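2 protein chains.
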Amino acid sequence: MSVTAFVESLHEFLQKDQISENETVREQHSVDESYHKGSITQVVVFPRSTEETSQILAAASKHVIPVVPFGLGTSLEGHVVPMQECVTIDFTEMNAVLEVSPDDLIVKVQPGVTRSQLNKELKKHGLFFSVDPGADATLGGMAATNASGTTSVRYGIMRDQVRDLEVVLASGEVIHTGSKAAKSSAGLHLNGLFVGSEGILGCITELTLKVYGIPEYEMAGRATFPSVENAVQAVVSLLQSGIPIARVELLDEISLKQLNHHQKTDYPEIPTLFMEFHGNEAGLAQDVDFMKEIVSMYDCEAIEFVTNNAERNRLWEARHNLAYSFIHGYPGRKMMVTDVCVPISELAGAVRHAQEQLSELNLIGGVTGHVGDGNFHVILMIDLADEEEKARANTFNESLVAYGLERNGTSTGEHGVGYGKQKYMEQEFGAALGVMQQIKAALDPQGILNPGKLLPAKGENVYESVIKS
Amino acid sequence: MSVTAFVESLHEFLQKDQISENETVREQHSVDESYHKGSITQVVVFPRSTEETSQILAAASKHVIPVVPFGLGTSLEGHVVPMQECVTIDFTEMNAVLEVSPDDLIVKVQPGVTRSQLNKELKKHGLFFSVDPGADATLGGMAATNASGTTSVRYGIMRDQVRDLEVVLASGEVIHTGSKAAKSSAGLHLNGLFVGSEGILGCITELTLKVYGIPEYEMAGRATFPSVENAVQAVVSLLQSGIPIARVELLDEISLKQLNHHQKTDYPEIPTLFMEFHGNEAGLAQDVDFMKEIVSMYDCEAIEFVTNNAERNRLWEARHNLAYSFIHGYPGRKMMVTDVCVPISELAGAVRHAQEQLSELNLIGGVTGHVGDGNFHVILMIDLADEEEKARANTFNESLVAYGLERNGTSTGEHGVGYGKQKYMEQEFGAALGVMQQIKAALDPQGILNPGKLLPAKGENVYESVIKS
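Those protein sequence lines, which keep their order, are chains A and B. For the first sequence, counting from 1, position 449 maps to 449 in UniProt numbering; every step adds exactly one. For the second sequence, counting from 1, position 305 maps to 305 in UniProt numbering; every step adds exactly one.
Note that these hints are calculated values from the structure, not bench results. Note that the coordinates shown come from a computational prediction; the quantities given were computed from them, not determined experimentally. Watch out, some of these pointers could steer you wrong.
Identical copies go unnamed one by one, so any copy, or any two together, can satisfy a pair.
[Unchecked claim] Straight line, CA to CA, 20 Å or less: simulated SDA-like cross-link-like pairs of lysine to any residue:
1. K292 to E281
2. K210 to S237
3. K292 to A282
4. K124 to Q240
5. K210 to D160
6. K108 to E406
7. K210 to G156
8. K123 to S237
9. K423 to P456
10. K123 to S241
11. K264 to H328
12. K120 to P102
Let the hints inform the model, and build the full structure from the sequences given.
The structure is reproduced here in structure tokens:
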């Protein structure tokens, strides 16, 4: 392994401006939005084609240089943070929308296209892309981490939208994992395997994705409840009723307080559901009546609907700005966001547990959740200079994940594993972790693809459980 | 490899009545509903628990005996047909519904539970399981082949319903592929990998599946069109409009003729869509107006709706009996059903191509399709004693698959690969087939799991392309 020889070989097929050893560029490409820290990448490359990506991987394979793929660095568990000397591949120059097929309701894009860039293009055709993780991430990154968000309760997660990926393997070989067909029972399901594989099996160079017609009618609303339990139980009933919920977000007392303070809103500071429904006007009018009946059974204190776009956008903007409300509210502290997903029948208990732990461990934080999926986040604001507080935050995280796993949930509903959650993989998967490691070993025998992420190396399942700073 | 020693070892942990070497039993377990023929299994075992299944696999592994998992033998591409000496594991004695969780909208079942058995149980809770492949298959078999059917356009395919599988690996080791959480970004996506793996990676011993609330209101309808092109284009527009189509099936002239003749129905014998919509009454009333507007743009000749259950059931019963109408209409001939899925923009052309080829090759058959997914079947009625006719049927199949693959479709939308479609895997997947073979080799190094199915063995990609009889 010689980085110098590797970088020299890059010059054989890349232009000068596609290779950067500049310290600032390297540092910018060695962090994400999480609190995880690692080492600094040796070199950043900017491929403009699949062929160039293939050449980079082939060279990395030859010189045994670790490879970290990079979109816009919005990951939340250290996915793009180098754990050793490596090359970082920045895909933002591969950012073309290659094909929009309204008849097939699919689109073909390069990995550096962002969510908002795609939606701007799709709007011309009356279409939209459904996955909204909050950040304006690249679609390559969203596929690599199996992103999801507020609309997943209706339209599904990133994995549900992927028809085909073009992937460059460790060797430089290029494969396609699927087709343009809406469904298939042919072969092993490589689409599903590569989505969420966090760069440890290959680099995504093209995506064919499912898109949707913009709904005829959209309606948003807010419902307040005396307790988190009541709010969650109301959502369970709404889901069972078949009412077409497009989004349903829970905000707890502390989150609403933070929101009101920093967004100048005046929401009641009690457990609240932010909701959205897609359908036609007559159908939604009937649903509203039914909904009011359902939520009243769970002592809903007030329910209000808005149908005009400006009001609807204001509601979701407030929700999306929740994290920033915390960040701006606590200068000098760093956000540490957890992400557990439990069976929905366990959600109220899990949220209550989180609130109790926050109070017991004397931590600053609020709970918010995609309750339709049983997925929730706790936004903690941590003083990274305070070792003792960091230890308490770590205890909190451990306790929350353990609570979720004991109830047959998962350690991460949407943020992914990256560096931060590898230590929980053995507890979550048991013997199945061995199967994952076998697949990794078969497809990346030298272990050059994003090492130190997603899967603990064989025989190395117990990671130190401290927050690096 | 000694079958005798293997069978002897089975007696160490199974009861006598769980092991059958009876010739009739063996023969019954060596065929499916397809025209594919192989050899006769050596022994059939009937495990009653995961532990027994694990012991069977461990013994098979030790004695290097091929293993074929078996549900009710309703597969359509020879999935359960032995290709060499083997043990067949019949899972029908593992047929308990283990858990129904209405709050979580999930159910846990053993692999031998059938679709109708599950729905009978779920009805008590106001719930239903969505995947309907026609046959009353076992859920283990449906997961193994990634089944789908008429309702997939709304609720998704089998893979979309699986939250967790308990799987016994070749070694006898037991793993869980997921959790009860509605979504997860942890680990590699083993759920998706094992669904549709046709028994070549492991045997499914338990399934946790997503279920749905029975819709408030269901409405079915029929619309007739002057051509297949017009019918398909109308479906594209309906999909883009966001109208909640729960089923949309195309029947061609010949299929309707066959149906009328054998079901005593009097449907017009022109291209027809059978449709179903789920929602609330007011919403569907508004959708009907919109729908009429849309289909009229494609020269719809007549559109009729039924809302009472009896009439609705009659419509879908007719559709489900289509295959039997062909079978009963041609005694002495064997049904050979193809199954291609293309991007929907290519569907009209593909159906036209199929109709032309049927006529050119002088074959008896009709076209029917899940047009919302771009998936269609051609039901051929073949005289298996006529070698020349079999060759023409084979030419037809090859031509149809080639047409689909050239247009970025898939060789099978729902029936799976089994024995019958292995020969197309290299053409469909190219270099990605190598990745699938590497995964298979890593997880089943002795190659004992359902050999000769799904993936052509390495270096053996060109299969004889004849119909065995």
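A quick look at each hint next to the structure:
1. When the C-alpha separation of K292 and E281 is checked against a cutoff of 20 Å, the pair qualifies both within a copy, at 17 Å, and between copies, at 17 Å.
2. Taking the shortest alpha-carbon separations for K210 and S237, only the inter-copy value of 16 Å comes in at or below 20 Å, while the best intra-copy value is 29 Å.
3. Taking the shortest alpha-carbon separations for K292 and A282, both the intra-copy value of 16 Å and the inter-copy value of 17 Å come in at or below 20 Å.
4. In this homomeric assembly, K124 and Q240 come within 20 Å of each other (Cα to Cα) only across copies, at 14 Å, whereas the closest approach inside a single copy is 35 Å.
5. In the homo-oligomer, the alpha carbons of K210 and D160 lie at most 20 Å apart both inside one protomer (8 Å) and across protomers (15 Å), since each shortest distance falls under that limit.
6. With identical chains, the CA atoms of K108 and E406 are at most 20 Å apart between copies only, with a shortest distance of 17 Å across copies and 40 Å within one.
7. For the identical chains of this complex, K210 and G156 are neighbours both inside a copy (11 Å) and across copies (13 Å), given an alpha-carbon limit of 20 Å.
8. Taking the closest pair of Cα atoms, K123 and S237 come within 20 Å of each other only across two copies (17 Å); inside a single copy the shortest separation is 34 Å, beyond that limit.
9. Taking identical chains as interchangeable, the C-alpha atoms of K423 and P456 lie at most 20 Å apart only when both belong to the same chain, with a minimum of 7 Å there against 38 Å between chains.
10. For the identical chains of this complex, K123 and S241 are inter-copy neighbours only, at 14 Å across copies versus 31 Å inside a copy, given an alpha-carbon limit of 20 Å.
11. In the homo-oligomer, the alpha carbons of K264 and H328 lie at most 20 Å apart inside one protomer (13 Å), although the nearest pairing across protomers, at 72 Å, exceeds that limit.
12. Proximity of K120 to P102 under the C-alpha cut-off of 20 Å is restricted to the intra-copy arrangement: shortest distance 15 Å within a copy versus 39 Å between copies.
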